[in-house]
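Trainee: Here is what each chain is made of, one letter per residue.
Protein chains: 4
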Amino acid sequence: MEKKSVQDIINAFNKQKFMKFLNAEISINEPGLCQISIKHGEDLTQQHGLFHGGVISTLADNSAAFAATSLMEKKREPLTIECKVNFIDIADGSRLWAIGKVLSAGKRIFHAEAKVFTSSDDGSKLCAVALLTIKSTLRVEEIL
Amino acid sequence: MEKKSVQDIINAFNKQKFMKFLNAEISINEPGLCQISIKHGEDLTQQHGLFHGGVISTLADNSAAFAATSLMEKKREPLTIECKVNFIDIADGSRLWAIGKVLSAGKRIFHAEAKVFTSSDDGSKLCAVALLTIKSTLRVEEIL
Amino acid sequence: MEKKSVQDIINAFNKQKFMKFLNAEISINEPGLCQISIKHGEDLTQQHGLFHGGVISTLADNSAAFAATSLMEKKREPLTIECKVNFIDIADGSRLWAIGKVLSAGKRIFHAEAKVFTSSDDGSKLCAVALLTIKSTLRVEEIL
Amino acid sequence: MEKKSVQDIINAFNKQKFMKFLNAEISINEPGLCQISIKHGEDLTQQHGLFHGGVISTLADNSAAFAATSLMEKKREPLTIECKVNFIDIADGSRLWAIGKVLSAGKRIFHAEAKVFTSSDDGSKLCAVALLTIKSTLRVEEIL
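Protein chains in written order, with the numbering used here: chain A, 1 to 144; chain B, 1 to 144; chain C, 1 to 144; chain D, 1 to 144.
Keep in mind the hints are simulated off the structure, nothing from the lab. Be careful, since some hints might not be right.
If chains are identical, the list can't say which one is meant, so a pair holds when it fits in one copy or spans any two.
Straight-line Cα separation of at most 27 angstroms, DSS-like style, residue types lysine-lysine; simulated pairs [stated by the list, open to error]:
#, residue 1, residue 2
1, Lys39, Lys15
2, Lys39, Lys74
3, Lys107, Lys125
4, Lys101, Lys3
5, Lys20, Lys3
6, Lys3, Lys107
7, Lys115, Lys125
8, Lys3, Lys15
9, Lys15, Lys125
10, Lys39, Lys107
11, Lys39, Lys75
12, Lys17, Lys101
13, Lys39, Lys17
14, Lys3, Lys39
15, Lys115, Lys17
16, Lys125, Lys74
Please read these numbers as outputs of a predicted model, since none were measured by experiment.
Next up, chain A with everything else stripped away, as it sits in the complex (with noise of 0.2 angstroms):
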């Protein structure tokens, strides 16, 4: 079984034309792991100024599913089945990063969790957690 490579990855990221409007970033450092990040801008706001919560959500949906794509073989893709989050602090740091980590890699099933943290000056915090499911697939067609 042939896995991704690196630039498989960061080459699937780059067709995700949100992930471009966002500006965001990803980097992976070793196999089920993910880690991608984003600089803080009003477009990216709720109400107080802070990272607005389905910015959180995506960070976290989409590391935990990069995270389990640099398990699969080559000609397969992720898709996330459910998505679980838990926003446990406010998002007010000029950067937010999440981080995708596998659970267990079934043949066909992943269980991921992925953090979400803000920095700032002052240092960074955790401000969300995630537990989610993912489906490798052929095609995205095979949602289900």
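Starting from the structure of chain A, add chains B, C and D where the hints point.
Mentor: Chains B, C and D alone, transformed into the frame defined by chain A:
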């Protein structure tokens, strides 16, 4: 207790720059229900040109949060404590919309659900369902 | 494809000794829907004599899993991949029952919801809602 | 603020008749952490003699709730607002135990996680992970 007016809710929505960035539109027809919709655009897509999962989660979360807002006192704001989304079909339409609905409105804790649909020339279909917990707060810093 | 009969489902339910331990009863009225109910007893309570949250989760999970079973081929079995329950009211009645419903039935992945009610002399009320992902499997060892 | 003692927590646990029914045992080693364990017995099984998913959810929920309790004032009690469990491996051991851990302790809202393990002669393994929201309350009627 003075409740929020529809105009209060629309004003709160307009303060979320991320909603403007996504070109999202809100509609409140009755207290405890909220619809948020968005047109398809390349910027909102994943690798196959479908609506990105992060966009789907964003609409699910926000439609439920604003549904909860519509039942809160004028001076209170919603904070999503947690949000869980199941992705049940591919989001391949030209429009995406979420309907958030409050299931139970407590003194401070609201339970809500959201259903997300896509529509195309062939009609519309359910593509995601969500279950959320939302807190009513006086200040966003009170996240916990 | 030969589907399961109602008797097949009841037989499968009766093989779950934990259901017997809880004195739970199943009823299947139409494919994709399942009801499981239980009478109040001291053994099933938390510190205030209410139904324990674990009992509520158990009924939510199992009602959804057997609803999914009712749509599966004769030789297949359900495996709950994940289950999320929101507890929206106290479970203070004399009977607890859950209604599981399949939201979407894929080739292998089922999305389902469950609603859990309690009833007393004053009537009945919704006390929990759940959202689940269930896998159809040939062998329980195929959990992943 | 007077915190609960370990004995207070054990007393609270012993008031949950459902825990006695399952023959569950609690152990609190440090504030914010709680372990609940249970021995395999036929009464706790699903159709293949494995621990029933409802038993797994019950331990996950309760270990997190008692971990939160260990950080609460003497007069306060935990109420699980919502609980999400991912089942990642089959629970085929002779013992099942959950470790609940508080991720963030707010004034009223606690975020927590739980990990559930099984052990057999071959060693132990992770079989489920959970993410929960718990409320600190003065009276259980204040569920919302």
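Trainee: For a quick check of understanding: which of the numbered hints are violated here, in increasing order?
Mentor: As far as the earlier hints go, 2, 10, 11, 14 and 16 are violated by this structure, in ascending order.
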